[in-house]
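Those protein sequences? They're chains Z and D, same order as listed. Each residue of the first sequence is one higher than the one before, starting from 1 at the first, in this note's numbering. Each residue of the second sequence is one higher than the one before, starting from 113 at the first, in this note's numbering.
Note that these hints are calculated values from the structure, not bench results. The model shown is predicted, which means the values in this text are computed figures rather than measured ones. A hint or two may mislead.
As the list claims (entries may be wrong) - Below are the EDC-like pairs computed for lysine to aspartate or glutamate, each with C-alpha atoms no more than 16 Å apart in a straight line:
1. LYS5/Z - ASP24/Z
2. LYS68/Z - ASP31/Z
3. LYS68/Z - ASP55/Z
4. LYS71/Z - ASP31/Z
5. LYS150/D - ASP31/Z
6. LYS150/D - GLU42/Z
7. LYS156/D - GLU169/D
8. LYS156/D - ASP197/D
9. LYS156/D - GLU104/Z
10. LYS150/D - ASP197/D
11. LYS215/D - ASP24/Z
12. LYS54/Z - ASP84/Z
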Amino acid sequence: DQQVKQNSPSLSVQEGRISILNCDYTNSMFDYFLWYKKYPAEGPTFLISISSIKDKNEDGRFTVFLNKSAKHLSLHIVPSQPGDSAVYFCAASGTSGSRLTFGEGTQLTVNP
Amino acid sequence: DAMVIQNPRYQVTQFGKPVTLSCSQTLNHNVMYWYQQKSSQAPKLLFHYYDKDFNNEADTPDNFQSRRPNTSFCFLDIRSPGLGDAAMYLCATSRDPTGTNEKLFFGSGTQLSVL
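Looking at chain Z on its own, in the form it has when it is part of the complex:
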C-alpha cells in the first residue's frame, strides 16, 4: 500500500529550464509534506516543506505547490542547474507524529 507515489522514475531537463517533479498521496490524514534531495552515496537532505494550511511555499529557486483536493504536490526548480541532478524524494506525515512516509523518488538530470 504505497501511500505516497512519485510516478516518474526519471526526468531530464536542460540547464536554465524549469524542472517539475510530481507527487501524489492517498492518505487524507497527511498534513505536512517535504521534499528531500539525495546525491549518490549520500543520505537524503531536506530541501523544502509545506504545511497543509498553505498551497505554496517558496525558497529561492525551489517552490512547492500543494493541491489538497487532488492530493497532489509538486516541486518546481527554476532555473534548473546541473548541480540539481539528484534523486528527489517526496515525503509526508500526519499530525499524529513525524513518521515520514516516502515516495519512490525521481531521478532528475539537468543537462548543461
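Given chain Z's structure and the hints, the job is docking chain D onto it.
Then chain D, alone, in the frame of chain Z:
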C-alpha cells in the same frame, strides 16, 4: 558541525552471518530512526527510538533488531542476513516525533552487501 554519522559506509557480510551497523549523532535529538532503502524504492521505516522507547514497525522482520545505549548512538543488528537484506540502511534523527512539522536529518547511509 552537528551531524548524523553512519559507519561503515560499505559493509559486506556473508549469508547468515550477523552484522551490526552503527549510527551516531551530535544533534542531541530525542528520536533516532532506521530506514531500509532498496534500489529504486522508497525508504522504508524499520523502527525508531524515542529516547529509550523502542517502536517497531508492524512489518519489520524479527531478523532486524536495534539497540540504543545512549542518546548519541544507535545500532542496527541483522541476526541472519539473507540475500534480500542487501540494501542501503539509513539512520535519521529528529527532535520529537509527537511534534508537528518535524523534519528528519539523515546520515550518509551504509550500503550492505550479502554474499
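Quick rundown of the hints versus the structure:
Between LYS5/Z and ASP24/Z, the direct Cα distance comes to roughly 5 Å. Compliance with the 16 Å bound is thereby established for this hinted pair. Distance hint between LYS68/Z and ASP31/Z is fulfilled; the C-alpha atoms sit about 9 Å from each other, no more than 16 Å. With a CA separation close to 8 Å, the supplied pair LYS68/Z and ASP55/Z stays within the 16 Å bound. Restraint check for LYS71/Z and ASP31/Z: the C-alpha separation of about 10 Å stays at or below 16 Å, so the hint holds.
Restraint check for LYS150/D and ASP31/Z: not satisfied, since their Cα atoms lie roughly 26 Å apart, outside the 16 Å limit. In summary, the hint linking LYS150/D to GLU42/Z is supported, as the alpha carbons are separated by about 14 Å, within the 16 Å threshold. For the hint linking LYS156/D to GLU169/D, the alpha-carbon distance of about 10 Å falls within 16 Å, and the restraint holds. The suggested pairing of LYS156/D with ASP197/D holds, with an alpha-carbon distance near 12 Å, which does not exceed 16 Å.
Taking the CA atoms of LYS156/D and GLU104/Z, the gap is about 10 Å. The hint holds against a cut of 16 Å. Taking the CA atoms of LYS150/D and ASP197/D, the gap is near 9 Å; set against the 16 Å cutoff, the hint holds. For the given pair, LYS215/D sits about 19 Å from ASP24/Z by alpha-carbon distance, which is inconsistent with the 16 Å threshold. Among the hinted pairs, LYS54/Z with ASP84/Z is inconsistent with the structure: their alpha-carbon atoms are about 25 Å apart, more than 16 Å.
When held up to the earlier numbered hints, the structure conflicts with 5, 11, 12 and fits the remainder.
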